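Protein chains in written order, with the numbering used here: chain A, 58 to 200; chain B, 236 to 344.
To be clear, the hints were calculated from the coordinates, so they are not data collected in a lab.
What you are looking at is a predicted structure, and each value in this text was computed from that prediction instead of being measured.
The reader is advised that the hints may include incorrect statements.
Unchecked claim - Below, in silico cross-link-like pairs of lysine-lysine (DSSO-like), each with a Cα-Cα straight-line distance of 30 Å or less: (1) A:192 with A:62; (2) B:339 with A:192; (3) B:283 with A:62; (4) A:156 with B:283; (5) A:155 with A:62; (6) A:155 with A:192; (7) A:156 with A:62; (8) A:156 with B:339; (9) A:62 with B:339; (10) A:156 with A:192; (11) B:339 with B:283.
Stated by the list, open to error - Here are some chain B residues pointing at chain A (derived, C-beta under 8 Å): (12) 256; (13) 305; (14) 307; (15) 310; (16) 311; (17) 316; (18) 333; (19) 336.
Ideal placement from N, C-alpha and C gives every residue a C-beta, glycine not left out.
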Amino acid sequence: MGLIKTTTVFMLISLFVIALVTFAVNFGLDNDAGINLGDDSSYESLAGDLEEETDTFFTYSGDSLDAYQESTISSQTEASEGGTQFKVTTSNSLDMVKKGISAAWYNIFRGDDFEVVLYALLGLLTFILAAYAYKAWVGRNPD
Amino acid sequence: MPLYSQPNFTSGLDDVVFTTAQSVPILPIMILITVYLIVLIGGSSNQKRRIGTADYPFWAVLGGITTSFLALIFTIGVGILTLTTLGIIIAITIMSGIWFFLSKVRGET
Chain A
58 MGLIKTTTVF MLISLFVIAL VTFAVNFGLD NDAGINLGDD SSYESLAGDL EEETDTFFTY
118 SGDSLDAYQE STISSQTEAS EGGTQFKVTT SNSLDMVKKG ISAAWYNIFR GDDFEVVLYA
178 LLGLLTFILA AYAYKAWVGR NPD
Chain B
236 MPLYSQPNFT SGLDDVVFTT AQSVPILPIM ILITVYLIVL IGGSSNQKRR IGTADYPFWA
296 VLGGITTSFL ALIFTIGVGI LTLTTLGIII AITIMSGIWF FLSKVRGET
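Just chain A, same shape as in the assembly (with noise of 0.2 Å):
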């Protein structure tokens, strides 16, 4: 997956979230529930956290084009000094769905015993999108 692509996939599993949960909250308080899974402490501000979060990848989006739009590069130079284009939108993003999976993982699991394992494979998570960002800027394959 390049960068526009695993970005694009955290997106999408964000607003699935955001959706899934919405309508569950909703269906709950339209039909008068007896079970609302807003009153899940887990769950109460997730959607609300996520839809804060894509309201910032909005605004960090927007500032990364008018970045890219204001950079300049002089000739032969094969790769910009900073590349903070790559570091604010895809960090932003993985931030959302380390939220979503928090909240499905101690609805599931419900403590911490299995704790290690979340964090070994947000980890990797972590390191190969670091490592696609890493190629789509300098330009070497780290496959």
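Fit chain B to the known structure of chain A by using the hints.
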């Protein structure tokens, strides 16, 4: 002697499920697991029979969404599902969705 109190079948299907769930609390969970497995195994095996390969993440997320909607209907009345069970079902759907979106490689739709 019956294993559980017989429900009143003349009062409607919802009352049958509710009354049986009071005697056998695991019944709604078993129904949801059955629906999830039917969609997952049935869909993927049928797809494998037709085109040779099965998209397991797709059928996992489809089974999760189907199970979630059925579970939401179960939550309208108190006593069929608990909040913990509903949370686990939504969590499994979220994990299936993450698996589905991350499973797509470049150029694959």
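Let me know if the C-beta of residue 307 of chain B comes in closer than 8 Å to any C-beta of chain A, holds or violated. holds, 5 Å
Decide if the proposed pair is consistent with the structure: residue 155 of chain A and residue 62 of chain A, CA atoms, cutoff 30 Å inclusive. Between residue 155 of chain A and residue 62 of chain A the Cα gap is close to 18 Å, so the pair holds against 30 Å.
Let's test the interface hint: is any C-beta of chain A closer than 8 Å to that of residue 310 of chain B? It holds, given that the least Cβ distance between residue 310 of chain B and chain A is near 4 Å, below 8 Å.
For a C-alpha distance cap of 30 Å, please report whether residue 156 of chain A and residue 62 of chain A respect it. holds, 20 Å
Does residue 62 of chain A lie within 30 Å of residue 283 of chain B when you go C-alpha to C-alpha? holds, 27 Å
For the hint on residue 336 of chain B, does the least C-beta distance to chain A fall short of 8 Å? holds, 5 Å
Residue 192 of chain A and residue 62 of chain A were given as a pair; does the straight-line alpha-carbon distance stay at or below 30 Å? Status holds; Cα separation ~13 Å.
Proposed proximity, residue 283 of chain B with residue 156 of chain A (alpha carbon, max 30 Å): Not OK: residue 156 of chain A and residue 283 of chain B at ~34 Å, beyond 30 Å, violated.
30 Å limit on alpha-carbon distance, applied to hinted pair residue 339 of chain B and residue 192 of chain A: Holds. Residue 339 of chain B to residue 192 of chain A sits at ~19 Å (cutoff 30 Å).
Status of the hint placing residue 333 of chain B at chain A (closest C-beta pair under 8 Å): holds, 5 Å
Against chain A, is residue 316 of chain B within 8 Å by beta-carbon distance? holds, 6 Å
Holds or violated: are the alpha carbons of residue 339 of chain B and residue 283 of chain B at most 30 Å from each other? holds, 18 Å
Of the numbered hints given earlier, the model fails hints 4, 12, 13; all others are met.
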